[in-house]
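Protein chains: 2
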Amino acid sequence: MKTNDLRLKLGRLKRAPENFVPAELASEVSANGITEARRSFLRNSFLTAMAAGASTATAAALAQGAKGDPNILEKQVWQTTLGQPVAAKPYGMPSKYEANLQRRESPGLTRVSAASVAFAPLQGLFGIITPNGLHFERHHQGWYDIDPAKHRLMINGLVKQELVFTMEDLMRLPSVSRIHFIECGANTGMEWGNVAVPTVQYTHGMLSCCEFTGVPLSILLDMAGADTKKGKYILAEGGDGSGMTRTISMEMALDDVLVVWGMNGEMLRPENGYPLRLVVPGVQGVSSVKWLRRIEVGDMPYASKDEAVHYMDLMPDGMHRQYTSIQECKSVITTPSGGQQLLETGFYNISGMAWSGRGKIKRVDVSVDGGRNWREARMETPVLTKAITRFNIDWVWDGKPAILQSRATDDTGHIQPSYRMLREVRGTRSIYHNNAIQSWKVDTNGEVSNVQVG
Amino acid sequence: MKTNDLRLKLGRLKRAPENFVPAELASEVSANGITEARRSFLRNSFLTAMAAGASTATAAALAQGAKGDPNILEKQVWQTTLGQPVAAKPYGMPSKYEANLQRRESPGLTRVSAASVAFAPLQGLFGIITPNGLHFERHHQGWYDIDPAKHRLMINGLVKQELVFTMEDLMRLPSVSRIHFIECGANTGMEWGNVAVPTVQYTHGMLSCCEFTGVPLSILLDMAGADTKKGKYILAEGGDGSGMTRTISMEMALDDVLVVWGMNGEMLRPENGYPLRLVVPGVQGVSSVKWLRRIEVGDMPYASKDEAVHYMDLMPDGMHRQYTSIQECKSVITTPSGGQQLLETGFYNISGMAWSGRGKIKRVDVSVDGGRNWREARMETPVLTKAITRFNIDWVWDGKPAILQSRATDDTGHIQPSYRMLREVRGTRSIYHNNAIQSWKVDTNGEVSNVQVG
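If you're matching them up, the sequences are chains A and B in order.
Count the first sequence with the UniProt record's numbering and you get residues 1 to 454, in order.
Count the second sequence with the UniProt record's numbering and you get residues 1 to 454, in order.
One thing to keep in mind: the hints can contain errors.
One-sided excerpt, in silico: chain B residues whose CB lies under 8 Å from chain A [what the hints assert, rightly or not]:
1. V86
2. A87
3. Y91
4. R111
5. S113
6. T428
7. I431
8. G446
Calculated directly from the structure, the hints in this document are not laboratory data.
For glycine and all other residues, C-beta sits at the position ideal for the given N, C-alpha and C.
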């Protein structure tokens with residue numbers, strides 16, 4: 001970070017991550033009654049900033065120090081009175097000022113909300129860990145808060161010995177903890193049709209990253225004496241009403257697949273599979289079967305309904321790609337992103353996420369001119385395999401139109417493709433596995449919108 | 001993991017992490033009305049396990065497969081009906097079955113709860129990330145949910161230019177994200193007097209580990225043109241009623257100290273300093289000043305009230321060690337731990353946490369015989385500097401009395417000391433900076449209790 005960059009006038013970003021609501025959601029949000037509060041918070045911040053002279057170059061404003069900024073000298077109530085006691089919230093919650101940063105469904109996406117998606121608010125998240133309260137949701141028959149005392153996991157099929165585990169049985173086995181992303185195969189799916197969904201919450205919000213704790217599936221298969229020669233596949237079955245079933249290759253099952261109960265240090269959340277789920281690192285989320293109840297070892301793919309009808313890629317020649325599963329190398333800029341606005345020219349910190357289902361992110365390049373020129377971004381540590389990597393890069397906006405893009409490269413050498421490159425192979429009729437470069441257009445008035453370039 | 005270990009009879013652990021309540025807490029917990037629910041959950045698990053034959057060797061029970069386990073075949077309501085919709089909880093919460101896993105105050109520890117501690121339930125946590133809802137609390141004057149629009153950070157003292165930042169100003173600067181532990185200097189303090197606090201929640205629960213996002217303090221000091229030659233120290237001042245102030249060396253301030261707004265991907269929680277706190281990696285928690293409002297650059301230590309009266313180490317010769325701050329290499333076994341009970345002999349997974357304020361954990365050794373013999377534990381990745389490292393190791397309990405201990409070594413070569421070694425130097429009159437080896441005694445009836453050995 002060159003000091004000089006920071007002597008520059010600093011631009012002001014109307015991040016508005018929490019209060020941006022696409023038209024179709026207005027009703028929903030006014031319904032939850034917090035939009036106005038949030039608006040006034042932003043209005044106040046803006047006015048205070050103006051009062052502090054931030055409408056001129058911020059460097060100049062800062063140069064005034066406390067001048068024009070009485071708040072800093074005047075005591076606030078929280079500095080002069082006794083506050084709340086400890087454990088007032090035995091299980092803590094976010095500040096009331098953050099109440100509008102939440103998971104949101106895109107109405108009309110599916111016929112019922114029990115078989116729908118709740119998108120994570122990526123525009124308001126930092127780092128690589130997704131807080132459990134904001135992990136995205138995708139259900140096929142809704143979620144239940146299942147009684148762990150009644151939950152069982154069965155291992156059957158091509159095994160020497162069928163096994164049935166209680167949660168107690170499983171949680172006493174040797175456990176491991178690993179940080180991995182889970183991305184729905186349909187994430188960014190609407191962009192195939194160039195829908196230009198307005199915000200990153202809706203373009204990329206079926207993505208989260210947590211520290212998972214559980215027992216390697218390989219240990220359970222070993223305990224059951226699974227035939228790993230004849231048994232080339234396993235079937236994972238969920239305990240919810242959708243009876244979700246997915247085929248997973250034995251090679252993968254014996255590699256890094258986990259049977260998980262822990263998520264960011266605590267038990268899974270009900271909507272994320274409590275008390276037990278599968279986590280198949282790097283593979284589309286549907287394979288990380290929630291409310292996991294059964295693992296069957298078999299000698300051929302199962303072609304279940306969710307494999308024979310859904311989660312396939314329709315190619316230009318009319319053929320389907322079946323059993324595609326790996327989430328390829330991908331990245332997205334979350335700040336600035338669609339729905340936000342740059343309130344003035346000057347310095348900005350561009351921040352985003354990169355991930356690959358094949359391994360670690362090796363580098364992330366960022367362009368502000370629609371792909372003509374690229375600069376390498378800073379990657380935050382730790383850089384982990386099949387996990388989100390946070391990147392940041394400095395940028396000075398000169399007030400001219402700009403197109404912001406990020407392009408990730410993983411340690412297998414896979415480079416995130418442009419839409420043109422992806423469509424040459426995949427056509428335009430796919431829903432799943434879109435890992436194309438995302439473009440955010442910055443208009444002369446600073447408004448940021450979703451466009452497709454290259 | 002040797003398969004043979006798993007062919008062994010598996011021991012059953014009454015983890016009871018959530019429902020264990022020391023006598024003095026009984027009232028508090030019956031007051032929150034969830035103890036009974038939790039008890040019945042555990043009773044049911046136990047009975048079901050019995051029914052499944054788990055009271056005999058579990059391997060044998062497992063060998064029965066579904067036999068004696070009707071639940072696995074009989075459909076549950078959640079498999080036959082439509083569940084809850086997505087975004088039913090726009091900000092998610094834990095399962096109702098986990099409602100009793102919470103932060104707890106130890107009554108009588110301080111005169112008022114606004115100047116007290118809420119301990120994190122380490123016995124129920126997994127991995128290295130502490131979920132934000134369970135991060136420990138230590139306040140000196142209680143907490144407020146401060147309006148971020150009214151919050152300011154001032155940089156003054158030996159600087160070319162005093163600066164005042166709004167939250168907007170700060171959040172547009174180049175940010176970094178890093179995973180670090182925060183441990184109160186008084187953590188495990190009661191053990192100096194051999195109080196033998198009953199559970200790990202109360203012995204070590206003033207410890208948490210999160211991914212923090214913010215701007216390096218060095219950048220702010222650079223913007224203000226701090227005199228880093230004459231200015232050998234900084235003072236960090238909090239915005240709460242306690243006016244908490246801590247002296248930090250300029251060397252440390254320019255190294256890895258962060259001015260933080262993000263915690264595990266979202267904004268800080270009010271009780272953890274929302275909207276802004278300092279994070280001083282590796283140093284006792286009190287220096288990671290919450291509700292941070294001012295940084296002053298000075299030419300000598302400030303000897304503030306919390307440095308001249310509290311947070312000092314009383315040595316055997318009656319002298320005080322002042323400005324001790326680094327949290328030395330330390331570890332603790334969280335499962336099995338005090339208050340839990342091994343219900344039968346057989347296989348157990350011993351799990352715990354290790355951390356060092358000086359760098360990375362290099363290895364963790366575990367003894368089950370009070371320190372006579374040691375085996376090296378498995379460390380989960382990632383192993384990060386000044387962060388918690390999760391360790392696991394296999395153990396077969398033969399029903400005889402055992403004493404479980406963990407001993408961490410960091411990459412500076414510092415080896416966690418025994419109580420005898422620590423007291424030879426520090427005596428017994430300290431409160432702070434106890435990093436001695438923790439011993440859990442397993443009785444013939446399987447009950448686990450806190451003892452001091454060696």
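Each hint tested on the structure:
1. V86: OK, holds: V86 (chain B) within 8 Å of chain A, min 4 Å.
2. A87: 4 Å, holds
3. Y91: With a closest approach of 4 Å, the Y91 (chain B) hint holds.
4. R111: Since the shortest Cβ distance to chain A is 12 Å, the answer is violated.
5. S113: Constraint on S113 (chain B) satisfied, holds at 3 Å.
6. T428: T428 (chain B) check fails; min Cβ-Cβ to chain A is 28 Å, beyond 8 Å.
7. I431: Violated - the Cβ of I431 (chain B) stays beyond 8 Å from chain A, reaching only about 18 Å at its closest.
8. G446: 13 Å, violated
Violated hints, listed in ascending order, are 4, 6, 7 and 8; each of the other numbered hints is respected by the structure.
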